[in-house]
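Chains A and B, in that order, give the protein sequences. Our numbering numbers the first residue of the first sequence as 89 and each following residue consecutively. Our numbering numbers the first residue of the second sequence as 139 and each following residue consecutively.
No lab work stands behind these hints: they were computed from the structure. Think of the CB as a built atom: it goes at the ideal place given N, C-alpha and C, for glycine as much as any other residue. Any given hint might turn out to be false.
[Stated by the list, open to error] For each label pair, taking beta carbons as the anchor points, the in silico distance ranges come out as:
1. A/L110 <-> B/E288: 22 to 32 Å
2. B/K262 <-> A/F505: 19 to 29 Å
3. A/M117 <-> B/F157: 50 to 60 Å
4. A/T275 <-> B/M258: 58 to 68 Å
5. A/N495 <-> B/P289: 27 to 37 Å
6. B/M258 <-> A/L299: 37 to 47 Å
7. B/S350 <-> A/K105: 52 to 62 Å
8. B/A329 <-> A/K105: 56 to 66 Å
9. B/A329 <-> A/F505: 30 to 40 Å
10. A/G489 <-> B/M258: 49 to 59 Å
11. A/I129 <-> B/E288: 46 to 56 Å
12. A/F497 <-> B/P289: 23 to 33 Å
[To be verified] From the derived model, a few chain B residues whose C-beta atoms are all more than 12 Å from chain A:
13. N145
14. G208
15. Q236
16. N239
17. P253
18. T254
19. T271
20. K386
Single-letter residue listing:
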Amino acid sequence: MNKNKEKLLAKRYSSEKRFQFLGKSAIFMALLFLAIFIFKIFSTGYTAFQKTWLIVPVNFDAETMYLDANPSKEDLEEADYFEISLQSMFNLDKNANEKQQNELKKMVSYFFEREIKQELINDPSLLGKTKDVYITASDDLDQVFKGNYPRDLPENQRRVTDYQLKIFDQLVEQGKVESKFNLSFFTYPDSREAELAGIASSFMGSIFSILVCLAIAFPVAVLAAIYLEEFAPKNRFTDFIEVNINNLAAVPSIVFGLLGLGILLAVFQLPRSTPLVGGITLSLMTLPTIIIACRASLKAVPPSIREAALAMGASRMQTTMHHTVPLSMPGTLSGTIIGLAQALGETAPLILIGMVAFVNTIPGSPMDPAASLPVQIYIWAESAERGFVEKVSACIMVLLGFLIVMNLFAQIIRHKFEKKWS
Amino acid sequence: MRKNGVNMIKISAKNVDVFYGKKQALFNINLDIEENQVTALIGPSGCGKSTFLRCLNRMNDVIDICKVQGEIVINDFNINDKGCDVVRLREKIGMVFQKPNPFPKTLYENISYGPTIHGMAQSKQEMDEIVETSLKKAALWEEVKDRLHEPGTGLSGGQQQRLCIARAISVQPEVILMDEPCSALDPIATAQIEELIDELKKEHTIIIVTHSMAQAARVSQRTGFFHLGELIEHGSTDKIFKNPDNTKTQDYITGRFG
Ligand SMILES: Nc1ncnc2c1ncn2[C@@H]1O[C@H](COP(=O)(O)OP(=O)(O)O)[C@@H](O)[C@H]1O
Ligand SMILES: [Mg+2]
Numbered sequence: 089m090n091k092n093k094e095k096l097l098a099k100r101y102s103s104e105k106r107f108q109f110l111g112k113s114a115i116f117m118a119l120l121f122l123a124i125f126i127f128k129i130f131s132t133g134y135t136a137f138q139k140t141w142l143i144v145p146v147n148f149d150a151e152t153m154y155l156d157a158n159p160s161k162e163d164l165e166e167a168d169y170f171e172i173s174l175q176s177m178f179n180l181d182k183n184a185n186e187k188q189q190n191e192l193k194k195m196v197s198y199f200f201e202r203e204i205k206q207e208l209i210n211d212p213s214l215l216g217k218t219k220d221v222y223i224t225a226s227d228d229l230d231q232v233f234k235g236n237y238p239r240d241l242p243e244n245q246r247r248v249t250d251y252q253l254k255i256f257d258q259l260v261e262q263g264k265v266e267s268k269f270n271l272s273f274f275t276y277p278d279s280r281e282a283e284l285a286g287i288a289s290s291f292m293g294s295i296f297s298i299l300v301c302l303a304i305a306f307p308v309a310v311l312a313a314i315y316l317e318e319f320a321p322k323n324r325f326t327d328f329i330e331v332n333i334n335n336l337a338a339v340p341s342i343v344f345g346l347l348g349l350g351i352l353l354a355v356f357q358l359p360r361s362t363p364l365v366g367g368i369t370l371s372l373m374t375l376p377t378i379i380i381a382c383r384a385s386l387k388a389v390p391p392s393i394r395e396a397a398l399a400m401g402a403s404r405m406q407t408t409m410h411h412t413v414p415l416s417m418p419g420t421l422s423g424t425i426i427g428l429a430q431a432l433g434e435t436a437p438l439i440l441i442g443m444v445a446f447v448n449t450i451p452g453s454p455m456d457p458a459a460s461l462p463v464q465i466y467i468w469a470e471s472a473e474r475g476f477v478e479k480v481s482a483c484i485m486v487l488l489g490f491l492i493v494m495n496l497f498a499q500i501i502r503h504k505f506e507k508k509w510s
Numbered sequence: 139m140r141k142n143g144v145n146m147i148k149i150s151a152k153n154v155d156v157f158y159g160k161k162q163a164l165f166n167i168n169l170d171i172e173e174n175q176v177t178a179l180i181g182p183s184g185c186g187k188s189t190f191l192r193c194l195n196r197m198n199d200v201i202d203i204c205k206v207q208g209e210i211v212i213n214d215f216n217i218n219d220k221g222c223d224v225v226r227l228r229e230k231i232g233m234v235f236q237k238p239n240p241f242p243k244t245l246y247e248n249i250s251y252g253p254t255i256h257g258m259a260q261s262k263q264e265m266d267e268i269v270e271t272s273l274k275k276a277a278l279w280e281e282v283k284d285r286l287h288e289p290g291t292g293l294s295g296g297q298q299q300r301l302c303i304a305r306a307i308s309v310q311p312e313v314i315l316m317d318e319p320c321s322a323l324d325p326i327a328t329a330q331i332e333e334l335i336d337e338l339k340k341e342h343t344i345i346i347v348t349h350s351m352a353q354a355a356r357v358s359q360r361t362g363f364f365h366l367g368e369l370i371e372h373g374s375t376d377k378i379f380k381n382p383d384n385t386k387t388q389d390y391i392t393g394r395f396g
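Just need the whole structure built from these sequences, with the hints factored in.
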């Protein structure tokens with residue numbers, strides 16, 4: 089009898105130990121995968137926040153630009169910078185032949201002419217003088233400088249030629265290559281050239297989509313939740329609606345994309361690829377999330393508060409608007425932010441309504457074509473150029489940062505403003 | 139308030155039946171409540187005291203399955219009539235609940251809520267006066283006058299209940315219904331509330347549900363004894379406690395059940 093009891097005890101202890109071990113290893117695995125993921129993203133992405141510049145002496149020769157000695161502002165705007173830009177690149181190697189000159193030109197971004205122009209416009213006194221100008225390196229040389237480029241490959245398998253590498257290495261030795269913070273990653277729209285591609289258009293696209301989504305989903309969802317929770321009679325029909333709202337929350341997002349495509353674009357003829365359509369589509373997705381969050385926090389308001397207000401002679405409407413709804417707002421708002429964060433990460437429905445188009449302008453309103461951050465990740469991940477690899481990771485970092493900030497905000501609202509009912 | 143030596147009848151319940159769905163909770167209740175008196179409703183738990191109390195300000199309307207039949211006449215007006223406006227009714231019949239339930243707002247807002255929605259104050263000064271007199275009548279003014287703009291939920295249980303009483307009297311109701319107002323309170327807070335009830339009956343008619351017979355004996359002039367949904371006996375508190383007609387009342391009073 090006693091022996092039997094001891095056996096049982098030992099068995100109980102060992103099974104508890106086994107369970108704890110399994111639980112701990114599960115958590116360890118989850119954290120490990122997360123750590124690997126974050127490490128991978130950061131290690132490939134952090135270089136995207138730096139950009140490589142070549143420092144090239146430029147001779148702002150008035151004659152070559154067809155300018156007189158005292159040009160007006162308009163003259164400077166309209167002058168011909170192509171020739172001096174080209175000459176400054178050719179001057180890197182005075183003995184270059186025609187083929188090599190062409191390769192020299194390709195060492196910098198095709199934007200270089202504009203960068204040189206900007207330099208003179210900022211400081212017109214440079215006219216007639218020679219000055220070192222920072223020029224964006226081509227995306228391949230950018231990768232070479234960051235050490236991401238396979239220089240050992242045979243020349244015919246590389247986009248960077250041996251000649252370009254030779255000149256580049258000389259420049260590096262002379263200290264004429266510099267790496268600086270890549271502001272243009274945040275201020276430029278998308279581009280076919282990796283060194284000029286930025287997230288400005290997709291970031292603004294995401295912001296506009298989220299705002300449209302919020303403007304539509306929040307009032308509709310809150311009104312629906314208040315009506316269902318506080319006013320609607322409890323019968324079969326309202327049960328049916330409740331079940332279907334929960335079902336709606338489980339519908340795959342791509343289905344909403346099809347809805348947007350078939351109704352918003354085809355029937356209502358709204359402009360394609362715009363945050364307006366994207367936001368409306370996302371609002372369909374966010375709607376059930378907010379309704380459920382709002383109803384849950386209305387339910388959490390103790391009935392004694394409603395009774396107190398009703399007994400004071402408040403009408404049902406006054407009770408709801410003066411007491412129940414304000415008390416439910418923290419929960420509703422944090423639910424809304426979580427719903428918006430989900431919408432922010434959505435890709436499939438936006439691709440369907442055309443927000444995947446190449447957009448090289450920054451949208452100024454929800455009616456302008458735009459991409460969104462997750463779609464931008466998708467677009468760049470599809471590109472062949474090496475320069476886009478780090479941009480994908482960098483864009484993921486921005487998106488994750490955005491999501492973390494939103495979730496943090498939701499947490500803060502929840503903890504700070506939610507009343508604790510004993 | 140006296141007419142030929144008899145107190146005026148403030149509320150008169152006639153043949154009141156209450157159903158929760160199919161289940162009948164009150165059977166043919168006939169009870170007259172006298173003006174400016176404290177009427178105690180006693181009886182074992184689940185016998186329908188709260189249900190009857192909630193009939194008097196139509197709070198049972200809130201419960202979907204609850205049906206009230208019969209007449210409840212207040213000021214010569216049957217409140218179960220279709221034409222009765224519950225907002226106006228509840229302005230005249232205030233209520234204090236078992237568990238203190240102040241609004242999670244400031245003390246000031248708790249008191250000013252009723253007068254605001256019923257448009258009783260024309261100016262800030264008038265509102266300040268209403269808040270002050272209500273709190274004074276509820277014997278709470280001295281304790282809270284320096285923190286009117288702090289949350290009402292920060293008070294002790296007894297203070298919260300007096301705040302709820304102050305809130306109820308802020309709209310100058312004719313009748314105050316109290317559903318076991320002291321059951322969540324300690325003996326000292328209970329004594330304060332009982333003292334207060336005695337004071338309030340000068341201006342208001344009070345109906346109090348209580349599970350404590352000692353309390354009923356202390357505060358009330360009239361008592362009604364409920365059992366299993368029926369009003370077994372009612373009359374002056376003295377008579378009910380010293381010389382009840384019904385044996386069930388006798389058994390309950392002497393603590394043989396309940
Ligand atoms: N909301 C409700 N729904 C259904 N039945 C109820 C409800 N409230 C009370 N009852 C029933 O009505 C009867 C009387 O309850 P109540 O008036 O609360 O009793 P008391 O206040 O005397 O303890 C009880 O049998 C109780 O189960
Ligand atoms: Mg009760």
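Taking the hints in turn, this is what the structure says about them:
For the hinted restraint 22 to 32 Å between A/L110 and B/E288, the CB-CB distance of approximately 50 Å leaves it violated. With their beta carbons about 28 Å apart, B/K262 and A/F505 fall inside the hinted range of 19 to 29 Å. Against the hinted window of 50 to 60 Å, the Cβ-Cβ separation of A/M117 and B/F157 comes to about 59 Å, which satisfies the hint. For the pair A/T275 and B/M258, the supplied restraint of 58 to 68 Å holds, since their beta-carbon distance comes to about 60 Å.
Distance hint check for A/N495 and B/P289: the Cβ-Cβ separation is about 29 Å, which falls inside the suggested range of 27 to 37 Å. Checking the proposed 37 to 47 Å range against B/M258 and A/L299 shows it holds: the Cβ atoms sit about 43 Å from each other. Between B/S350 and A/K105, the C-beta spacing of about 54 Å keeps the proposed range 52 to 62 Å intact. Remark: the range hint 56 to 66 Å for B/A329 to A/K105 is upheld by a beta-carbon distance near 57 Å.
At about 38 Å, the beta-carbon gap between B/A329 and A/F505 stays in the expected band of 30 to 40 Å. Distance hint for A/G489 and B/M258: a CB-CB separation of about 53 Å, consistent with the stated range 49 to 59 Å. In this structure the supplied range 46 to 56 Å holds for A/I129 paired with B/E288, their Cβ-Cβ distance being about 49 Å. At about 25 Å, the CB distance of A/F497 to B/P289 agrees with the hint of 23 to 33 Å.
Look at B/N145: its CB is around 26 Å from the nearest CB on chain A, clear of 12 Å, so calling it non-interface holds up. The claim that B/G208 is not at the interface with chain A holds, since no C-beta of that chain comes within 12 Å of its own (minimum 22 Å). Non-interface call for B/Q236 relative to chain A: violated, since the shortest CB-CB distance, roughly 9 Å, does not exceed 12 Å. Separation of B/N239 from chain A is inadequate, the least Cβ-Cβ distance of about 4 Å not exceeding the 12 Å criterion.
Listed as a non-interface residue, B/P253 fails to keep its Cβ farther than 12 Å from every Cβ of chain A; the least gap is roughly 10 Å. Residue placement check: B/T254 does not keep its beta carbon more than 12 Å from all beta carbons of chain A (closest about 9 Å). Residue placement check: B/T271 keeps its beta carbon more than 12 Å from all beta carbons of chain A (closest about 17 Å). Every C-beta of chain A lies more than 12 Å from that of B/K386, the closest at about 31 Å, which supports listing it as non-interface.
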